[in-house]
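So the protein lines, in turn, are chains A and B. Counting in full-length UniProt numbering, the first sequence runs from 1 upward without gaps. Counting in full-length UniProt numbering, the second sequence runs from 1 upward without gaps.
One or more of the hints may lead you astray.
Unchecked claim - Here are the simulated DSBU-like pairs of lysine-lysine, each with C-alpha atoms no more than 35 Å apart in a straight line:
id, chain 1, residue 1, chain 2, residue 2
1, A, Lys-71, B, Lys-180
2, A, Lys-76, B, Lys-180
3, A, Lys-108, A, Lys-127
4, A, Lys-76, A, Lys-108
5, A, Lys-127, A, Lys-76
6, A, Lys-109, B, Lys-180
7, A, Lys-108, A, Lys-71
8, A, Lys-127, B, Lys-180
9, A, Lys-109, A, Lys-71
10, A, Lys-109, A, Lys-76
11, A, Lys-108, B, Lys-180
12, A, Lys-109, A, Lys-127
Stated by the list, open to error - Partial list, computed: chain A residues near chain B (C-beta under 8 Å):
id, residue
13, Ser-91
14, Leu-92
15, Gly-101
16, Val-103
17, Phe-235
Hints were generated in silico from the structure; no laboratory data involved. Because the structure is a prediction, the values reported are computed rather than measured. Virtual Cβ for every residue (Gly too), placed ideally from N, Cα, C.
Single-letter residue listing:
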Amino acid sequence: MDLVIDDLYVQYGSSVMAVQGASLNVRDGELVALIGQNGAGKSTLMKAVMGWVGPHSGSVMIDGAAVNDRKFSHLKRGVSFVPEDRGIFSSLTVGENLRLGGVTRRDKKALDADIERELERFPVLRKYWGRGASLLSGGEQQQLAIARAMMLNPRLLLLDEPTLGLAPIIVDLIFDVIEQLRAEGVTILLVEQNAVRSIEVADRTYVLQAPGRVIGSGTAAELSASPAVVEYLGFEPNDSGKAAS
Amino acid sequence: MIIEYLISALGLGALYALLTIGVALLFGVLGLMNFAYGEIILAAAFALYFFREQPWFFAVIMAVVFAVVVAVLSERLAFHPLRGADPVTLMIASFAVSLALQSVARMTVLPRAQGVPPESFLSQRVDLLGARVSVLDLLTFVLCGTVLAAVAYVMGRTSLGVQLRAAAENFQMAEALGVKGNRVIASAFVIAGVLAGIGAVVFVARQGAVSAEMGLQPMLVGVIGAVLGGMSSLRGAALGGFILGVGTATLEALLPSSLIAFRDAFLFTALIAVLVVRPQGLLSGSKVRVS
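Put together the whole structure using the sequences plus the hints.
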């Protein structure tokens with residue numbers, strides 16, 4: 001599963017250009033992070049990948065097909081999305097939310113097996129299976145959102161700020177799961193504000209600066225070699241991805 | 001007296017709950033405040049008038065069929081081309097559909113109100129737990145209660161219901177998960193049509209007549225009940241409608257005859273007081289979006 005974003009411009013209304021000439025690619029099996037401050041255009045770029053906002057110019061291609069083509073189907077291509085607000089349906093139970101993730105699947109036995117797999121991964125969801133999703137904490141909702149996205153057995157998983165507003169212990173859990181999913185072969189594009197942890201887990205990282213410009217990309221070592229990136233991030237990633245002390 | 005009141009209040013509550021679910025379902029799925037909902041009821045009422053010489057049960061079925069057909073056609077012809085449009089645009093489109101259907105009815109078959117005498121059995125009273133209860137009130141209670149239970153089953157226990165609830169809450173996310181938008185929207189209009197059809201049967205039986213303007217009151221009941229309960233929650237909308245119905249019946253039972261004419265003034269004053277405290281509605285988590 002290859003994702004290629006080429007010279008993408010996204011405009012809101014007639015004047016606000018949220019993404020300006022962003023280019024990035026995610027190769028099959030890679031975990032790629034996209035980091036940047038608030039308003040850098042990260043979530044807009046993610047929405048463009050989902051086809052929720054159209055490009056003003058440039059292109060977003062998945063496996064060589066343009067996502068804004070009317071015939072393009074994210075589901076058929078195996079693309080799952082966990083949005084910034086998690087997209088949990090509060091009027092549904094945890095179980096209903098999870099099953100809805102597999103609504104297009106006809107292989108019910110395999111779906112049950114996948115649900116079991118995610119309940120093993122996120123035991124709290126088993127505990128609260130019949131409970132209304134609105135009663136879950138933020139961290140529990142995030143686990144539900146990721147588990148639900150996995151119901152499609154995605155080839156490309158788009159995670160938009162999955163640790164936003166979560167307690168440190170839950171942030172650790174989410175990053176552990178992200179690494180686990182990468183190890184299982186899922187291609188991942190991770191949008192995050194937690195630059196340190198993102199660089200640490202990602203194969204490559206893109207740094208986005210408002211309004212939606214990529215100012216640097218690469219491994220931790222490659223990022224630390226860019227003065228503009230180091231100045232923007234406020235720290236120098238070392239070889240292990242962690243901030244240099 | 002208490003049994004009579006309970007049957008009347010619960011029946012009216014169930015009827016109003018059906019109407020509010022119809023309004024809230026379309027609002028949730030499409031962002032559509034459908035002011036043409038009254039004309040879907042009008043279509044059903046017209047069927048009851050048109051088939052008034054036929055067996056009552058047949059006329060009831062035809063009323064539901066007419067309502068579903070008009071609901072689905074209004075979606076295909078008026079709202080489908082506007083998919084994704086601003087909610088205000090959709091609302092204005094619904095006004096246009098409402099006025100068009102009303103005008104067609106007025107120019108053709110309903111230039112003036114036409115009588116549809118209720119079936120003789122509906123005018124009778126039966127003994128129930130020592131009380132003399134109107135068959136019409138009993139029918140309203142049983143019919144609306146049964147349909148409400150059926151809707152609750154569909155919404156709570158079936159895959160379609162889960163998809164409808166999800167789409168009503170966050171349509172874009174539901175589609176991203178694979179919920180088929182067109183199918184869900186069509187289903188919502190079919191369900192709204194069935195509810196409008198059943199509502200029309202009860203309204204016509206109570207009023208004994210049909211007119212081109214008769215959809216206005218049930219449409220307002222649906223909108224007000226849904227706003228009271230919370231537009232973003234189907235359960236809340238049903239609760240709002242139910243409270244509105246029970247409140248109406250209670251005021252009718254309690255108010256002295258000299259004040260009955262001001263029933264709606266009392267009711268809506270109470271409604272405004274509730275909305276001052278909870279502007280988002282009784283069961284809704286977020287503020288009401290009416291356009």
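Taking the numbered hints from earlier one at a time, note which ones the structure violates and give those numbers from smallest to largest.
Violated hint: only 17; rest satisfied.
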